[in-house]
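J.: Spelled out from the first residue to the last, the chains are:
Protein chains: 2
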Amino acid sequence: MKARVHVMLKNGVLDPQGEAVRHALGQLGFDGVEGVRQGKVIELDLAETDADKARETVTAMCEKLLANTVIESYSVEVS
Amino acid sequence: MKARVHVMLKNGVLDPQGEAVRHALGQLGFDGVEGVRQGKVIELDLAETDADKARETVTAMCEKLLANTVIESYSVEVS
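If you're matching them up, the sequences are chains A and B in order. For the first sequence, position 1 (counting from the first letter as 1) is numbered 29 according to the working numbering, and the numbering increases by one without interruption. For the second sequence, position 32 (counting from the first letter as 1) is numbered 60 according to the working numbering, and the numbering increases by one without interruption.
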């Protein structure tokens, strides 16, 4: 199965990468950009064939390694 | 409107971040991880209210700033 994980900084946590992108877009002439948040996307190829088990495993991966749950939130899609 | 951009290294381009994650998952006891690719996700809040125009603008942002199209591919979702 394939799984896709999105890891984003939680709302309220300062996102300097996103701010830098917003600033650079403004300098390039892109107006009307009100906010930018940048995060990570991790695509996993798993040997597991059961979607529920795969989701459970990937959630455990997020808790243990992929996300810093103090400041980051994550979401898991399995397909 | 909100737009979400995914930027991933193209297939065939070495992804050391993804490899590091795969290795770390193996060491943590997660078996059956056959491949990991890591990319960026960028969420934009736009003043634009027309979906087609927003998509066009964000595609231009990708070409000019958000993605290095030599080695990275991108996809744009507008909602």
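These are computed hints drawn from the structure, not numbers from a lab. Please note that the accuracy of each hint is not assured.
One copy or two, it doesn't matter: identical chains are merged, so the pair holds either way.
[Said to hold, decoys possible] Calculated pairs, DSS-like style, for lysine-lysine (alpha carbon to alpha carbon, straight line, at most 27 angstroms):
| no. | residue 1 | residue 2 |
| --- | --- | --- |
| 1 | 92 | 68 |
| 2 | 68 | 81 |
| 3 | 92 | 30 |
A quick note: this is a predicted structure, and the numbers were derived from the prediction, not measured.
J.: Each hint should be assessed against the structure and marked as holding or not.
T.: Hint by hint, here is what the structure shows:
In this homomeric assembly, residue 92 and residue 68 come within 27 angstroms of each other (Cα to Cα) both inside a single copy, at 16 angstroms, and across copies, at 20 angstroms. Taking identical chains as interchangeable, the C-alpha atoms of residue 68 and residue 81 lie at most 27 angstroms apart whether they share a chain (23 angstroms) or sit on different chains (26 angstroms). Proximity of residue 92 and residue 30 under a CA criterion of 27 angstroms is satisfied intra-copy only: 19 angstroms inside one chain copy versus 30 angstroms between copies.
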